[in-house]
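2 protein chains.
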Amino acid sequence: MSLSKNTIKLITSLRQKKYRQKHNLFVAEGVKVVNELLSSSLKIFKIYTTSIDVLQKSNNVELITEDELKKVSNLKAPNKVLGIFEIPSEKEIDTNNFIVALDEVNDPGNLGTIIRLCDWFGVKQLVCSKNTVDCYNPKVIQSTMGSLTRVNIVYTDLISFLGKNNLPTYTADMDGENVYSSKLPEKAVLVMGNEANGISEEVNNVVQQKLTIPRFGNIQQTESLNVATATAILLSEFKRGLK
Amino acid sequence: MSLSKNTIKLITSLRQKKYRQKHNLFVAEGVKVVNELLSSSLKIFKIYTTSIDVLQKSNNVELITEDELKKVSNLKAPNKVLGIFEIPSEKEIDTNNFIVALDEVNDPGNLGTIIRLCDWFGVKQLVCSKNTVDCYNPKVIQSTMGSLTRVNIVYTDLISFLGKNNLPTYTADMDGENVYSSKLPEKAVLVMGNEANGISEEVNNVVQQKLTIPRFGNIQQTESLNVATATAILLSEFKRGLK
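In order, the protein sequences belong to chains A and B.
The opening position of the first sequence corresponds to residue 1 in full-length UniProt numbering, with each subsequent residue numbered one higher.
The opening position of the second sequence corresponds to residue 1 in full-length UniProt numbering, with each subsequent residue numbered one higher.
Honestly, I wouldn't trust all of these hints.
Copies of the same chain look alike in the list, so a pair counts if it works inside one copy or between any two.
What the hints assert, rightly or not - The list that follows gives simulated cross-link-like pairs (lysine-lysine, DSS-like), each with its CA atoms no further than 27 Å apart: (1) K243 / K80; (2) K183 / K243; (3) K130 / K76; (4) K210 / K243; (5) K243 / K187; (6) K183 / K239; (7) K130 / K183; (8) K76 / K9; (9) K183 / K22; (10) K43 / K124; (11) K32 / K139; (12) K130 / K80; (13) K9 / K32; (14) K139 / K70; (15) K80 / K32; (16) K5 / K239; (17) K76 / K139; (18) K18 / K46; (19) K17 / K76.
Calculated directly from the structure, the hints in this document are not laboratory data.
Please work from the sequences and hints to get the whole structure.
As structure tokens, this is what we get:
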């Protein structure tokens with residue numbers, strides 16, 4: 001029996017933000033995701049696995065049984081590995097390149113998808129409002145597929161950040177300029193908002209430019225786009241001229 | 001007590017495809033989604049609500065308690081209404097317009113997002129391989145936010161469909177033509193594949209054109225894009241010249 005009660009308690013406690021902050025640790029699961037994190041500069045606290053063979057690195061590894069993994073896993077179908085990593089300290093915001101900023105994005109899947117999109121489109125800086133879902137939330141970690149370590153994510157007061165930075169600021173809006181005919185700069189801050197309410201009024205007041213993804217469906221019936229798909233389309237528009 | 005044991009059994013059985021097919025019924029939940037479906041041409045089987053006031057139509061409605069709703073709801077946070085609707089009969093495939101085709105998309109959230117994208121971009125026809133997740137799956141219904149009724153969805157043998165239709169066929173591929181510099185036709189079939197494996201070899205053999213969304217991130221590390229975000233970007237590219 002290699003997993004002590006205290007270890008089990010520690011691992012499951014890390015599903016909650018307050019314990020992740022207390023211990024400065026987070027959990028990642030599955031062969032692919034853990035191996036991606038092992039190949040990054042993240043500090044390993046401990047890796048638990050049912051099979052050493054699936055791992056790219058073998059330091060700090062402890063073999064456990066499938067039953068033990070089930071006990072601590074947050075996945076419906078646990079996948080051989082659970083890794084505990086140290087949360088790295090936040091780096092300064094790089095304001096000299098394209099930035100994606102999020103205003104109260106709540107859904108972990110959406111944040112995970114947006115981190116992957118940043119990675120794909122070479123966006124190295126993601127700025128999140130303090131009430132955006134924590135990027136070390138297990139569901140975010142699982143959906144980023146490892147791209148988390150290649151994007152610098154900073155949680156800060158969004159209004160004050162937007163007030164201080166010198167890049168042009170953009171957001172998505174139903175009544176903005178058609179994004180397909182807009183001349184978009186290479187460096188900018190693209191601010192995306194909450195799933196239900198979009199960006200807050202305060203943020204809206206400081207964002208300079210509103211972009212619209214034209215709707216082709218009939219009349220006004222079509223629901224707005226999901227924040228992750230809207231981010232995909234807008235990032236693609238900002239970047240398409242560069243390739 | 002208005003919900004009989006048999007009713008509870010019927011409603012919860014509809015989470016499974018075989019019972020949806022047996023009864024030809026599906027479930028939708030929440031004020032917004034149910035009202036969207038009520039305003040469509042779908043036939044109502046029964047609506048259960050904790051508050052008549054939230055509904056746009058009041059035929060076939062039965063008032064239930066919050067506890068009763070909790071018993072039959074598939075949501076973590078039940079939202080006032082659960083509607084049972086008849087599954088409409090499949091219409092013929094409209095091969096005279098832009099078509100999105102899916103090859104074994106498994107994740108209900110991805111299918112829901114893709115249906116919303118079709119609706120947004122005015123794509124009226126979605127063709128799914130028989131092993132694509134059922135569009136009346138409760139998670140699909142919840143994530144389409146009502147756009148389901150504005151897109152004609154047909155499940156069929158994809159190879160045979162692709163062989164018969166006369167539109168040019170496209171898919172996403174790592175080694176295709178840069179989508180940003182491709183001249184794309186107004187009418188086409190865009191085939192998107194499975195989350196883990198992409199399109200099957202058989203489908204790949206009959207698709208004529210491969211499109212690549214260029215990767216801006218460093219080297220080969222970046223994971224591939226999620227199928228829903230890739231669909232968003234490609235649909236945007238097909239349609240952007242038209243607005």
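A quick look at each hint next to the structure:
Proximity of K243 to K80 under the C-alpha cut-off of 27 Å is found in neither arrangement, the shortest distances being 39 Å within a copy and 49 Å between copies. In the homo-oligomer, the alpha carbons of K183 and K243 lie at most 27 Å apart both inside one protomer (16 Å) and across protomers (15 Å), since each shortest distance falls under that limit. When the C-alpha separation of K130 and K76 is checked against a cutoff of 27 Å, the pair qualifies only between copies, where the shortest distance is 25 Å, while the shortest distance within a copy is 30 Å. For the identical chains of this complex, K210 and K243 are neighbours both inside a copy (24 Å) and across copies (17 Å), given an alpha-carbon limit of 27 Å.
For the homomeric pair K243 and K187, the shortest alpha-carbon distances inside one copy (15 Å) and between copies (25 Å) are both at most 27 Å. Proximity of K183 and K239 under a CA criterion of 27 Å is satisfied in both settings, with 11 Å inside one chain copy and 18 Å between copies. In the homo-oligomer, the alpha carbons of K130 and K183 never lie at most 27 Å apart, since the shortest distance is 31 Å inside one protomer and 43 Å across protomers. Within a single copy, K76 and K9 get their C-alpha atoms as close as 19 Å, and across copies as close as 25 Å, so both meet the 27 Å cut-off.
With identical chains, the CA atoms of K183 and K22 are never at most 27 Å apart, being 46 Å at best within one copy and 54 Å at best between copies. For the homomeric pair K43 and K124, the shortest alpha-carbon distance inside one copy (20 Å) is at most 27 Å, but the shortest distance between copies (49 Å) is not. Proximity of K32 to K139 under the C-alpha cut-off of 27 Å is found in both arrangements, the shortest distances being 15 Å within a copy and 26 Å between copies. In the homo-oligomer, the alpha carbons of K130 and K80 never lie at most 27 Å apart, since the shortest distance is 34 Å inside one protomer and 31 Å across protomers.
Taking the closest pair of Cα atoms, K9 and K32 come within 27 Å of each other only inside a single copy of the chain (25 Å); across copies the shortest separation is 40 Å, beyond that limit. For a Cα distance limit of 27 Å, the shortest separation of K139 from K70 qualifies both inside one copy, at 17 Å, and across copies, at 25 Å. For a Cα distance limit of 27 Å, the shortest separation of K80 from K32 inside one copy, 10 Å, qualifies, whereas the shortest one across copies, 40 Å, does not. Taking the closest pair of Cα atoms, K5 and K239 never come within 27 Å of each other, the shortest separation being 50 Å inside a single copy and 56 Å across copies.
Proximity of K76 to K139 under the C-alpha cut-off of 27 Å is found in both arrangements, the shortest distances being 12 Å within a copy and 16 Å between copies. Taking identical chains as interchangeable, the C-alpha atoms of K18 and K46 lie at most 27 Å apart only when both belong to the same chain, with a minimum of 20 Å there against 44 Å between chains. In this homomeric assembly, K17 and K76 come within 27 Å of each other (Cα to Cα) both inside a single copy, at 21 Å, and across copies, at 20 Å.
Checked against the numbered hints given earlier, this structure breaks hints 1, 7, 9, 12 and 16; the rest are met.
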